[in-house]
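Protein chains: 2
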Amino acid sequence: MEGQTIITTQDVDELFISTVVRLIQRRAFPNLRNIIAKTHSADIARWFPRLRPEAKSSLFTLLIEENRMGEVLCELNAADINEFIEETEPATVVSVLHTMPADDVTRILSDIPEEKKEELLNLIEGATSEHVEQLLEYEEKTAGAIMSPNYFALPQETTAAEATEMIRDLTEIDIPPITFYVYVVDEENKLKGVLSLRQLVQTKPGTPLKSLMTSHLYTVHTDMSQETVARAVARYNLLAIPVINSIGQLVGIVTIDDIVDVIREENTEDMLKMAGTGDLDITSRSIFRNTRARLPWLLASFAGGLLAVYVIGFFETQLKQIAALAAFIPVIMGMGGNIGTQSSTIIVRSIAIGEVSIKDTWRVLWREFSTGALLGTTYGVLLGGFAYLFPQFREYAWKLPLVVALAIFVNMMIAATVGTVIPMFFKRVNIDPAVATGPFVTTAIDVIGIFTYFLFANLFLF
Amino acid sequence: MEGQTIITTQDVDELFISTVVRLIQRRAFPNLRNIIAKTHSADIARWFPRLRPEAKSSLFTLLIEENRMGEVLCELNAADINEFIEETEPATVVSVLHTMPADDVTRILSDIPEEKKEELLNLIEGATSEHVEQLLEYEEKTAGAIMSPNYFALPQETTAAEATEMIRDLTEIDIPPITFYVYVVDEENKLKGVLSLRQLVQTKPGTPLKSLMTSHLYTVHTDMSQETVARAVARYNLLAIPVINSIGQLVGIVTIDDIVDVIREENTEDMLKMAGTGDLDITSRSIFRNTRARLPWLLASFAGGLLAVYVIGFFETQLKQIAALAAFIPVIMGMGGNIGTQSSTIIVRSIAIGEVSIKDTWRVLWREFSTGALLGTTYGVLLGGFAYLFPQFREYAWKLPLVVALAIFVNMMIAATVGTVIPMFFKRVNIDPAVATGPFVTTAIDVIGIFTYFLFANLFLF
Numbered sequence: 046m047e048g049q050t051i052i053t054t055q056d057v058d059e060l061f062i063s064t065v066v067r068l069i070q071r072r073a074f075p076n077l078r079n080i081i082a083k084t085h086s087a088d089i090a091r092w093f094p095r096l097r098p099e100a101k102s103s104l105f106t107l108l109i110e111e112n113r114m115g116e117v118l119c120e121l122n123a124a125d126i127n128e129f130i131e132e133t134e135p136a137t138v139v140s141v142l143h144t145m146p147a148d149d150v151t152r153i154l155s156d157i158p159e160e161k162k163e164e165l166l167n168l169i170e171g172a173t174s175e176h177v178e179q180l181l182e183y184e185e186k187t188a189g190a191i192m193s194p195n196y197f198a199l200p201q202e203t204t205a206a207e208a209t210e211m212i213r214d215l216t217e218i219d220i221p222p223i224t225f226y227v228y229v230v231d232e233e234n235k236l237k238g239v240l241s242l243r244q245l246v247q248t249k250p251g252t253p254l255k256s257l258m259t260s261h262l263y264t265v266h267t268d269m270s271q272e273t274v275a276r277a278v279a280r281y282n283l284l285a286i287p288v289i290n291s292i293g294q295l296v297g298i299v300t301i302d303d304i305v306d307v308i309r310e311e312n313t314e315d316m317l318k319m320a321g322t323g324d325l326d327i328t329s330r331s332i333f334r335n336t337r338a339r340l341p342w343l344l345a346s347f348a349g350g351l352l353a354v355y356v357i358g359f360f361e362t363q364l365k366q367i368a369a370l371a372a373f374i375p376v377i378m379g380m381g382g383n384i385g386t387q388s389s390t391i392i393v394r395s396i397a398i399g400e401v402s403i404k405d406t407w408r409v410l411w412r413e414f415s416t417g418a419l420l421g422t423t424y425g426v427l428l429g430g431f432a433y434l435f436p437q438f439r440e441y442a443w444k445l446p447l448v449v450a451l452a453i454f455v456n457m458m459i460a461a462t463v464g465t466v467i468p469m470f471f472k473r474v475n476i477d478p479a480v481a482t483g484p485f486v487t488t489a490i491d492v493i494g495i496f497t498y499f500l501f502a503n504l505f506l507f
Numbered sequence: 046m047e048g049q050t051i052i053t054t055q056d057v058d059e060l061f062i063s064t065v066v067r068l069i070q071r072r073a074f075p076n077l078r079n080i081i082a083k084t085h086s087a088d089i090a091r092w093f094p095r096l097r098p099e100a101k102s103s104l105f106t107l108l109i110e111e112n113r114m115g116e117v118l119c120e121l122n123a124a125d126i127n128e129f130i131e132e133t134e135p136a137t138v139v140s141v142l143h144t145m146p147a148d149d150v151t152r153i154l155s156d157i158p159e160e161k162k163e164e165l166l167n168l169i170e171g172a173t174s175e176h177v178e179q180l181l182e183y184e185e186k187t188a189g190a191i192m193s194p195n196y197f198a199l200p201q202e203t204t205a206a207e208a209t210e211m212i213r214d215l216t217e218i219d220i221p222p223i224t225f226y227v228y229v230v231d232e233e234n235k236l237k238g239v240l241s242l243r244q245l246v247q248t249k250p251g252t253p254l255k256s257l258m259t260s261h262l263y264t265v266h267t268d269m270s271q272e273t274v275a276r277a278v279a280r281y282n283l284l285a286i287p288v289i290n291s292i293g294q295l296v297g298i299v300t301i302d303d304i305v306d307v308i309r310e311e312n313t314e315d316m317l318k319m320a321g322t323g324d325l326d327i328t329s330r331s332i333f334r335n336t337r338a339r340l341p342w343l344l345a346s347f348a349g350g351l352l353a354v355y356v357i358g359f360f361e362t363q364l365k366q367i368a369a370l371a372a373f374i375p376v377i378m379g380m381g382g383n384i385g386t387q388s389s390t391i392i393v394r395s396i397a398i399g400e401v402s403i404k405d406t407w408r409v410l411w412r413e414f415s416t417g418a419l420l421g422t423t424y425g426v427l428l429g430g431f432a433y434l435f436p437q438f439r440e441y442a443w444k445l446p447l448v449v450a451l452a453i454f455v456n457m458m459i460a461a462t463v464g465t466v467i468p469m470f471f472k473r474v475n476i477d478p479a480v481a482t483g484p485f486v487t488t489a490i491d492v493i494g495i496f497t498y499f500l501f502a503n504l505f506l507f
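Residue numbers (our numbering), protein chains in the order written: chain X, 46 to 507; chain Y, 46 to 507.
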């Protein structure tokens, strides 16, 4: 069929991207214009991380000429957005921003340096300017900051036919293309109910919205966190959630396509925090920024390491007598660290998806402690057996095996418990448990592990 | 306004849940019936993890009586679903399943033991039976397995008015409540195009769908992974994606509310895999199952630990002379492990969100290597300085500080590189990089770290 393009989504189309990259580098602009016309903005955005700086500039220029830069800009990663804004004339940047929805403009402006933001804000005009300034007033990562101020709301007395008529006249700039709900408000713009486009289609033309709408509906406040918004939309299977201010007026909506981005972003953040990389922007190519984000988190581990130096230094005489003791430090530390990471990851993730809350502290603590005890027993027997059978350690008979078996058992039990307690404690005091985990848990476990090991050694071997 | 319930989503309403739990345990059924009638199924599902087994049974019975069990079942976690199915008469289970959409029934059946599944399948009747058997044929976690077979498709010649008329007659059982798209097919049910309800409302009644529809649309094949489906829906901001079979026929749709669940599930899996807990079901309360899922992954770490015993055992004579060497094992291992985890988490996550692909191997390898070198230099200087100034190690003058500084520098550089290479390699050979990381990376790094440390010690100290 003529003009039909049923695109079956491919996971990664590396070959196509390589071709495009070559065309850009060869400045084959006529071909590129054709390709750009047929390519989704989200796919165009994926070319950028492969391009050299000069090639990026040419593509920016080409996209501006083709009136596609606004759409593409929404899809770029932070590093590429910054490059675009720094390299392009402010007037041109603003002309691109004028083609974009206010919530996307706001998201972009809140990610760039303060000075640049002010400069651009002064140049933005009309409704966009007003909307963006409003959205920028809300704290980052709240419902207010991520909502779209372009919703579709009508008074309660409107009839279905009138509503349909009004939808007919809307353009994609008035409301997001995926609008699915019609909100019903009173004369003060207070939210009264909601109905879906489908309900509108399914009813008699004369019916007033008032008798069509559901007045049992879920909303969020402007100052709620984007995580809370995401959880509500996911839990209640909504396509959009209305955002209300402190006096119940409808001020915006958050649509599910933005929620999908929020969920991805929050998950990335959680994983990076747990790995101790702070607020690292993983799209950044700067080695210096990468280093700076990771350095402080390694300090916790470093401090723990120095403490371990001190603890082991304490047992220098014993080590001189039985140097074999040193050989078991890595396995005892490693096993503790790994089981602790397992426990803390399970707890952090369970808290994040709402599976575990503070109420469950004793239950999960008992589960992790018991698991630690079972796994500790298993690996204690294995390590003791190994130490007993390894020819080099024969001279210590049953004593060294006993010490290492007990040490790994106790350490794994403690590690699983510490890996549970730390994130639960952080949750209780309202600190993000993901931050707590990673470096903190492993460092605590390392030091405790070394200490109990040498304690047992002292008890049985000397 | 009478009967209005604007619900502002609360993050966690612990107090309410506690009250409900008490009511169930006190068997205050009339009160509970009232509460159930007013509560969303997703919220009812959240009561279960707090309930004792007897209380769970009473709530199951109550929900069946109130005709809410089907809705709630869709929202329960795997452990609670299993409890319901094991405790309830198969005939009752099936009557509940008959009230549910086919895709949800399929999801539930594919998670329970084979024998029970067969028993229930034999009891299921009518269209549900047919649909479920079809969906069960697809491999787990593919587009075919997660799609809903209830989509809304019409022939190309249908007019907008006829389409609107047909939508009017649909019930929520025919198509999902969040239906937003109308698919257009030819006489062989091959997908030809799509239009939105909004377009339908915005057009003249006599227009045929053929001239309204977009024929530029995104689809997925039945055998594509749910991750690919999720990425497509997220990337192109779709509310649903049509699923086609090998000859281009429309066989189902995957809606965005299911995609949100897929994204959460995939993220949980990635995090757990990276922490080395395999396919652990974090909702399970069984200590035994918990232990069994985690045990094998710890083996990698254990084997690495034994190798370290061997390596260090090799240097026993040196250790007897300079016992202080042992004191630095934990800090050198710990810092390597942490920086390696940082790198591998960054890489695994970058791959998962499509930020990094095989093409970028050299670029990210260089970034991580350089970051490792910079961080290694920093902590090398710090550790060397500490060793030089710590009174206990005075006797070794500059030699011990030099050894530990060099060891931590080289180890951190190698660790960052290994943490990058391992997931990139797994990606290249099409193994999930998340599995590769965690235990494998830390174990490799531990052993390499110990080895280089003692190599430097041997070189400068003896």
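Treat the hints as calculated values from the structure; they're not laboratory data.
Please note that the accuracy of each hint is not assured.
Note: identical chains are not told apart, hence a pair may lie in one copy or across any two.
Stated by the list, open to error - When the alpha-carbon atoms are kept at most 30 Å apart in a straight line, the in silico DSS-like pairs for lysine-lysine are as follows:
1) K444 to K235
2) K101 to K162
3) K472 to K101
4) K83 to K255
5) K235 to K83
6) K101 to K404
7) K249 to K161
8) K472 to K255
9) K235 to K162
Right, here's what the structure says about each hint:
no.: 1; hint: K444 to K235; result: neither (76 Å within a copy, 75 Å between copies)
no.: 2; hint: K101 to K162; result: within (22 Å within a copy, 55 Å between copies)
no.: 3; hint: K472 to K101; result: between (43 Å within a copy, 27 Å between copies)
no.: 4; hint: K83 to K255; result: between (43 Å within a copy, 21 Å between copies)
no.: 5; hint: K235 to K83; result: between (43 Å within a copy, 23 Å between copies)
no.: 6; hint: K101 to K404; result: between (52 Å within a copy, 18 Å between copies)
no.: 7; hint: K249 to K161; result: neither (53 Å within a copy, 47 Å between copies)
no.: 8; hint: K472 to K255; result: neither (43 Å within a copy, 55 Å between copies)
no.: 9; hint: K235 to K162; result: neither (33 Å within a copy, 50 Å between copies)
The structure shown violates the earlier hints numbered 1, 7, 8 and 9.
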